[in-house]
Amino acid sequence: MGAAGVTLHVVRADAVEPQRWQNGGGLTRELLAWPDRGGSSGDWALRISVADIGADGPFSVFAGVERWFAVLEGAGVRLALPDGERSVKAGDAPLHFRGEAAPPCTLLAGPTRDLNLMIRRDAGRGAMQRARAGEAFAPHARLRALFTADACTLRIDGADALQLPAFALAWADGGTGAWRIEPAAGQPPRAWWLHFEPRPA
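Position one of the sequence shown corresponds to residue 68 (my numbering), numbered consecutively onward.
Please note that the accuracy of each hint is not assured.
Cross-link-like lysine to aspartate or glutamate pairs, in silico, DMTMM-like; alpha carbons within 20 Å at most [claimed, not checked]:
| hint | residue 1 | residue 2 |
| --- | --- | --- |
| 1 | K156 | D110 |
| 2 | K156 | D217 |
| 3 | K156 | E140 |
| 4 | K156 | D123 |
By construction, these hints were calculated from the structure, which means they are not laboratory data.
The structure presented is a predicted model; accordingly, all values stated were derived computationally and were not measured.
Whenever a hint applies, use it, and build me the whole structure from the sequences.
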């Protein structure tokens with residue numbers, strides 16, 4: 068799909084091969100590592116992934132990285148951060164913390180599926196926020212993305228509507244038109260906006 072010369076990419080989480088955590092407590096599906104420099108998997112400025120956590124254990128250390136974390140499915144988790152414990156449940160706003168914290172994670176009541184955004188501080192700025200049906204998303208950012216846990220319709224100014232399946236990421240490098248989502252049927256979709264603006268060269 069193109070919008071004013073911008074290509075929209077769609078990645079389904081279930082089409083991505085999961086990678087097991089080193090501590091054995093979970094699986095990660097990397098949906099986007101940007102930019103694609105053709106090097107190692109750690110050579111990115113921004114990374115978006117979905118994780119399945121099945122056991123208590125610490126998060127990995129990501130030095131120099133800002134992180135955002137949201138629970139998609141399951142009861143939630145408790146993270147022991149340097150400034151105190153924080154519980155994150157499905158429906159809560161994304162939790163922002165530093166990658167150096169590597170907080171111990173305790174499952175509240177069984178496994179969870181979670182959405183993660185990581186941004187290298189020296190590469191640029193960005194954020195993740197809950198998306199609301201009908202609200203315009205038009206940040207001053209080079210890269211824009213939508214992750215939805217439910218089927219929904221994505222509308223971008225100047226482009227045809229796009230039907231997205233559940234657990235899919237849509238992203239574009241460039242473009243200025245506002246993005247909006249609509250329910251595919253019934254209840255408002257569980258969805259999140261993500262954006263990133265690189266630092267000037």
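So, going through the hints one by one against the coordinates:
1. K156 with D110: The given pair, whose Cα atoms are some 31 Å apart, is violated under the 20 Å limit.
2. K156 with D217: holds, 17 Å
3. K156 with E140: holds, 8 Å
4. K156 with D123: holds, 15 Å
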